[in-house]
Amino acid sequence: MSLLTITHLKVHFPTQDGMVKAIDTIDLEIANSERLGLIGETGCGKTVLGMSIIRLLQPSTKIEGEIWYKGKDLLKLSEGEMRKIRGKEIAMILQNPTTSLNPVLKVGDQIAEAIQLHQGLDKRAAREKAVEMLESVKIPSPDKRANEYPHEFSGGMKERAMIAMGLACNPSLIIADEPTKGLDVTIKMQIVKLLKEVSRRKSMLFITHDLGVATQICDNIAVMYAGELVEYAKTEDVFKNPLHPYTQGFLNSLPNMGLKPIRGMSPSLIDLPSGCRFHPRCDHASAKCTIEHPPMVEIEKGHSVRCFLYT
Amino acid sequence: MIEDTIAFLKGYKNSVIGLVGLGILIFFVVVAIFAPYIAPYDPHEMYKPVRHPNSDHLLGTNHIGQDILSELIYGTRVSLFIAFISSIIASYIGTSLGLIAGYFEKFGFFFMRIVDGFLAIPRLPLIIVIAAFMRPSIWNLIFIFVFFGWPFTARIIRSEVLSLRNRPYVDAVRMLGAGNFYILCRHILPNVIPLVVVQLIMEASHVVLAEASLSFLGLGDPTTKSWGMILHYAFEYPTIFISDLWKWWMLPAGLCITFTILSLTFIGYALEDLVNPRLRREIL
Amino acid sequence: MIEVENLKKYFSTGILRKRHIKAVNGVSFQIERGETLGLVGESGCGKTTIGRSLLRLIEPTAGKIIFDGIDLLHLKKKELRRLRPRMQMIFQDPDASLNPRMKIGDSIAEPLKLQGGLNKVEIKEKVSELIETVGLNPEHVNRYPYQLSGGQNQRVVLARVLAVNPDFIIADEPTSSLDVSVQAQILNLMNHLKREFDLTLLFISHDLEVVRHMSDRIAVMYRGKIVEIGSVNEIFEDAKHPYTNTLISPASSLEDQLIFEDMKDAWDSGCVFYPRCPFNTVICSKKEPEMVEIGKGHWVLCDRVT
Amino acid sequence: MHKITKIATYGIIIFVILSFNFFLPRIMPGDPFAFLTGDPSTDMPVVLDAGIKAKLLSYYGLDKPLSMQYYDYIANILHGDLGWSIYYNAPVWDVLRGSLKWTLLLVGTSTVIYMASGIMLGAVSAWKKGKRVDAGLLTFILSLSSFPSFFLGLLFIILFGVDLGLFPISGARTPFMDYSTSFEEIIDILHHLLLPAATLVIAHIGGIYLLTRNSMLNVLGEDYILTARAKGLREGYIMRRHALKNALLPISTMIALIAGFMITGTILVETVFAYPGVGRLLYEAVLVRDYPLLQGAFMIITLLIIAANLAADMIYVYLDPRVKHK
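Chains as they are written, first to last, in the numbering used here: chain A, 1 to 311; chain B, 312 to 595; chain C, 596 to 901; chain D, 902 to 1227.
Rather than coming from a laboratory, the hints here were simulated on the basis of the structure.
The beta carbon of each residue, even a glycine, is placed where N, CA and C say it ideally should be.
It is possible that part of the hints are untrue.
In silico BS3-like pairs for lysine-lysine, Cα to Cα no more than 30 Å straight-line [to be verified]: (1) C:Lys-891 <-> C:Lys-715; (2) A:Lys-260 <-> C:Lys-789; (3) C:Lys-719 <-> C:Lys-671; (4) A:Lys-72 <-> A:Lys-88; (5) D:Lys-956 <-> B:Lys-417; (6) A:Lys-76 <-> A:Lys-193; (7) B:Lys-417 <-> C:Lys-672; (8) C:Lys-671 <-> B:Lys-417; (9) B:Lys-417 <-> C:Lys-721; (10) C:Lys-672 <-> B:Lys-321.
Covered by chain D, according to a simulated footprint, are these stretches of chain B (three or more residues, beta-carbon under 8 Å) [to be verified]: (11) 404-416; (12) 428-439; (13) 482-491.
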């Protein structure tokens, strides 16, 4: 059964240089207990997707479409109702723990405040729960650590604290935005392991540019390019049988896959190419691709692609 | 550089506050430049003292019979002259020292202790003390304002230079064989100029206030006509509060000071908003 | 080409109670002409400090650096300035490596102007030639860095570096702020330029896979020391140091033991890797190991190997 | 590291001020000590009787070598001996002590009020950035704070003191009044305090308001504010608990400057309202050329500012956990 259903989502930002079409258009489903990886490069709109689910975009943003969660359209909820969902039902783990933790508040208190708010516990009980959370993300001597400030934590520990904060109110859906960015390999692997553990029997939207990490955690993978999804498949299918030329190119440009680059660069989201958005960089592009926008087509069960090569 | 300026003016045009400030300042500058043509009388000429406003003297005359309107018009010259000369010199010294202190770390550390010391000394009380010992003249005042004005600029410029000199592009240019002087002039100075301009405007408004305050306390140059001086004599006049005298003797001078400071504050605010655009984070 | 011997760089903090942070703690290596040495390690291991010390952008605490037969650390300021264009550095953040107020063309022309000897027309010609070499369009000359993407800016940086005709280039994580598809473009371009201009390269990165692709030999760094150095094959097929193995297959080495970055500061005597080493012995905690050559040009800093 | 530099800075400041106080009358052109050595050609409006003259001569010790003079000067200050006031014919310290309490009352009250309201308004403005509330507050407060404090004080006297007759226009208490209860006395003192304090508050609120607004705007763009929102916390709570404390950090480093402006304002406002504080004393000393009193008052003012700086440093340490641990 699906927990979150996004239909015809469009997110546009007005800027001085024009309208940034950060998301245009996305349909996506996340099932109960599904861990979905959202892969894309800088500026493809993947973070915006996460932010629009919990509605943390600036007020000037124009959002169209529907985001259904447990029978409610999140986009139609009042700000007050939405606040009851943030942190409690849907938790977002923001990227870059160093700037995402408040430097002047104790780590324990930062975890406890959400617990106090959403679970109605008193200060002491919330604090105890916060210590428990730190323990559950395997931070040694959590009792002592809860009383420390973020600058006393190392990078990996801060990421663990962020995860603890996200899990604190036992949410049904976790949105994790690049939780392994900037970490050293060994630390990164441990965070991956932890995330895998804590997301058991939960749904997770795992946003990353790191395909290697995504494959270790996710059941399915959605590939995003220039504001839309171009391929959706089971994790192993993305590796074994990538269909979209962008997915193929992306895989081939990885250092351990031969470092063969895709020519050109991602288009600006203000001025998107006509037809297929990938056609200026695509080796298989035909005349049709330059004019017509390809639809997302399911090639086999659970594997869809947005490319005329397959229709 | 030209493109920068055009982009800058375009940005400035959007700031209502900035345009209002600029309008007022231009008005005062014009009055100051053309004072001899605008003023109806020589401000030192004496007529019948303490006249109420009439067709001869639109704002009446003061305790020794000088035309108050003419005093005001000439006062614009004094206030603006002192403000701009002092702040330009102070900015020049402050910028030069700030550049050097930011670029050469060891010198900068000790230098900044001195600057911190300077900044912690209360400006006006010290100026009062000095003015009490020195014979007040315009140039003495300017000297004092420069002497106490440069550390503000130096401090701000230094912290900006500190962050600039650690940018990779400065290292890159050094690797290309560029010397310190070249890097300072070509790569660091252009990046701090906008800050210097903001600082200069802010400093000018401080000086206007300080000069008016000193003159009000009777520590200004007694031979020149400044707005603060007018207020000083009015304040000393025995019946100033219990008659209507204050309406044309005190109020116009006070408002002139206020509007000059207001215009500089507005311009300074608008400039700062442009120079330091707080990065509006776009989540992409 | 480059010979580094026992290089040390300590940073001290505090005025009264001085504490030293040993960013680079006795490092030696050589780079042959036309060779690429890859330097790999975690963040904070001292690899960037090595790069900057080699160019004397920071002054090393001790050691010896010989560049093409010249002892760099004993050069006078003026001589150093004259020598500098022969060595260049490419930084991690391409956008910050260019003066935001200068047009791309002016940035590339700057080294030519600094060196002198060319007139305006010649400079202009040279700039357009360089722009083409790094795969940019002629119309980019009049743009500002913020109008270009990170990948394009890194190409500009490469053009500027090539303008001075260097012999030796240090590339400090040149692609770590770029997306993978762009990273591949830049890395391929660098390899191409290296061959065409016969460059010697020190390639610094945290990504072992990238280093593998770019280098002839690899040096692995941990906490201010080189723990293993050898050819690409030796490192990938026959790594001897336990830390190198951790880097090569991080997933397999995930025992239950938790690793925190803090541990880097926790140990001060014996082997630097002792606290994290799965094979540590009591001796390792007390005696500092020494570099041993276990194959031709393959050195390891571990007592267990011998 | 941080502490040592701070202490050194204070040491330098105190040293500079003391030396400045010492050398100024000695190096000024026109020999300010002429009034002591008795050159009748100066236009000093001071007539000294022989007793005071003797006291001053022995205090300054002008016949000794300069280094001895300096040594005596420092020694005297350390003993609390600031010299002899010519005008009041009393020890400088005794004169100052009487006015210090009024200055502290005036500065203390207005500082608390303008800091609290400036920070609050600045925070509100930043929170409502771009909305009408912000634009209105910004224009209003920037305009208001362009009024020089002395001019504002004069307007208040005319408007509230003379025209409306609501408040006394001078002094710190009604002269020659016998208070039947101490409550009555407090009311009288507050009554006198209100106008000068209001003047100071209005003249100085602009600086702190703008600082808070800028600092708050920076903080509101930080990632941890987004984190707080993602937790489902209320906006008001986020402002108070997450944003404000961070926003106050850069402000506390500006306290030195703020205190400097405040003291300046106090001198002018005390003068306008004839409020018997240290600032008024400083001004009086200038008028009657009472140099010992002038120097004493100046020294006290400087020490007040240094005290404000110390307080700011302590607040900073309290606000920023990162300082404590380093």
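Of all the hints numbered above, which does this structure not satisfy? Sort the numbers upward. 1, 3, 5, 6, 9, 10, 11, 13
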